[in-house]
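Engineer: As they're listed, the protein sequences go chains A and B. Number 144 in our numbering belongs to position 138 of the first sequence; there are no gaps in the numbering. Number 72 in our numbering belongs to position 39 of the second sequence; there are no gaps in the numbering.
If you are wondering where the hints come from, they were derived from the structure by calculation, not from laboratory data. Take these hints with a grain of salt, some might be off.
Here are some chain B residues the structure puts well away from chain A; computed CB gaps all over 12 Å [what the hints assert, rightly or not]:
1. Thr62
2. Cys85
3. Ala87
4. Gln128
5. Lys134
6. Cys140
7. Tyr161
8. Ile188
9. Ile205
Computed, partial: chain B to chain A, Cβ under 8 Å [as the list claims (entries may be wrong)]:
10. Ser96
11. Thr100
12. Gly166
13. Lys169
14. Ile170
Every residue gets a Cβ at the ideal spot worked out from N, C-alpha and C, and that includes glycine.
Listed below are the residues making up each chain.
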Amino acid sequence: MASDDLGTLQRELVPAAGPATVSHGTIVLVLAAAELVTTARRLRDEFGFDLLLDVTAVDWPADELRFEVVHHLYSTRHRVRVRLKTRVGAGNPVVDSLCALYGSAAYMERECHDMYGIVFRGNRDLRPILLYEGFEGHPLRKDYPKLREQPLVAYREG
Amino acid sequence: MDARTFPITPVAPAASRSTKDAAFEYLTTRKDELIGWARKFSLFPYPFVTACCAMEFMAVSASPYDTDRFGAALPRFSPRQADLLMVVGTVTHKQAPILLKVYEQMCEPKWVMAFGVCASSGGFYQNYATLLGIDKIIPVDVYVPGCPPRPETVIDGIMQLQDKIARSRHPIVTERF
Chain A
7 MASDDLGTLQ
17 RELVPAAGPA
27 TVSHGTIVLV
37 LAAAELVTTA
47 RRLRDEFGFD
57 LLLDVTAVDW
67 PADELRFEVV
77 HHLYSTRHRV
87 RVRLKTRVGA
97 GNPVVDSLCA
107 LYGSAAYMER
117 ECHDMYGIVF
127 RGNRDLRPIL
137 LYEGFEGHPL
147 RKDYPKLREQ
157 PLVAYREG
Chain B
34 MDARTFPITP
44 VAPAASRSTK
54 DAAFEYLTTR
64 KDELIGWARK
74 FSLFPYPFVT
84 ACCAMEFMAV
94 SASPYDTDRF
104 GAALPRFSPR
114 QADLLMVVGT
124 VTHKQAPILL
134 KVYEQMCEPK
144 WVMAFGVCAS
154 SGGFYQNYAT
164 LLGIDKIIPV
174 DVYVPGCPPR
184 PETVIDGIMQ
194 LQDKIARSRH
204 PIVTERF
């Protein structure tokens with residue numbers, strides 16, 4: 007895929023959003039939460055992005071739409087990366103799951119749910135994967151106290 | 034048994050033997066020193082290995098450094114057969130119940146070595162995930178600093194533990210016996 011296809015991706019996929027950019031060789035597309043699954047499906051089926059690399063999030067505590075959910079896709083055919091950024095609010099941090107498109111989404115969405123409390127609608131198993139049952143809160147949110155511990159074993163006295 | 038069919042010639046009874054010097058016929062010692070001497074050279078480590086310190090544990094266990102010189106070479110992978118718990122690497126809160134269970138399964142007498150800064154104090158971690166030192170949940174006999182410790186540091190830790198064992202009381206019968 008040549009770099010002038012950046013404009014094609016922009017026109018085809020997210021005409022309403024801001025311009026697509028290139029950051030360190032990765033195409034960055036900003037889109038609304040409702041467009042995520044349709045965009046990812048088109049990227050997979052029409053543009054050859056066959057590998058889901060990562061699902062993560064960024065916490066912007068001062069912003070109205072506080073959480074930025076970030077997906078990274080890779081095309082093994084074209085050797086191009088694309089990053090999808092979606093904003094959701096703290097009150098209802100829900101985005102659609104990509105489990106139906108990429109099997110690898112299941113575990114990565116579980117981890118993102120652990121760390122940021124993002125709910126992935128359609129992922130039927132959002133149990134803790136890195137944290138443990140009974141852990142309160144989401145430790146990578148900016149308002150999680152840095153020194154708060156939730157030990158499972160009682161500490162020895164002294 | 035007929036003496037002629039037995040290949041070893043029987044010696045005379047001890048009472049009839051004469052030696053010029055009887056100095057080494059008997060040794061006297063203190064019970065604690067004797068048992069401590071025996072125990073300090075027969076440490077059976079259980080390696081509770083969780084993180085990158087494992088590389089240095091392998092280095093110190095391999096032939097160039099050879100912990101068998103200190104009688105501490107043979108790892109036992111059942112805590113019931115071990116008497117030295119080597120906690121090698123970072124222990125998280127999620128792992129702490131497993132570490133406690135392993136420690137409780139070990140028979141007395143038992144000792145614990147915190148191998149590296151993470152096991153000693155949490156090291157450079159201070160966050161939601163990490164247990165800030167295994168001594169929060171189990172007693173520790175010797176702390177080995179380093180990230181990771183050099184093999185010489187570990188050997189120094191083993192030797193300090195040996196000194197500690199040699200100086201300790203070793204009750205043969207305890208209230209729990």
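Engineer: All the hints need checking, so say for each whether the structure fits it.
Structural biologist: Outcome of the hint check:
no.: 1; hint: Thr62; in the structure: holds, 36 Å
no.: 2; hint: Cys85; in the structure: holds, 18 Å
no.: 3; hint: Ala87; in the structure: holds, 20 Å
no.: 4; hint: Gln128; in the structure: violated, 9 Å
no.: 5; hint: Lys134; in the structure: violated, 10 Å
no.: 6; hint: Cys140; in the structure: holds, 20 Å
no.: 7; hint: Tyr161; in the structure: violated, 4 Å
no.: 8; hint: Ile188; in the structure: holds, 28 Å
no.: 9; hint: Ile205; in the structure: holds, 28 Å
no.: 10; hint: Ser96; in the structure: violated, 37 Å
no.: 11; hint: Thr100; in the structure: violated, 29 Å
no.: 12; hint: Gly166; in the structure: violated, 10 Å
no.: 13; hint: Lys169; in the structure: holds, 5 Å
no.: 14; hint: Ile170; in the structure: holds, 5 Å
Going through the hint list in order, the structure does not satisfy hints 4, 5, 7, 10, 11, 12.
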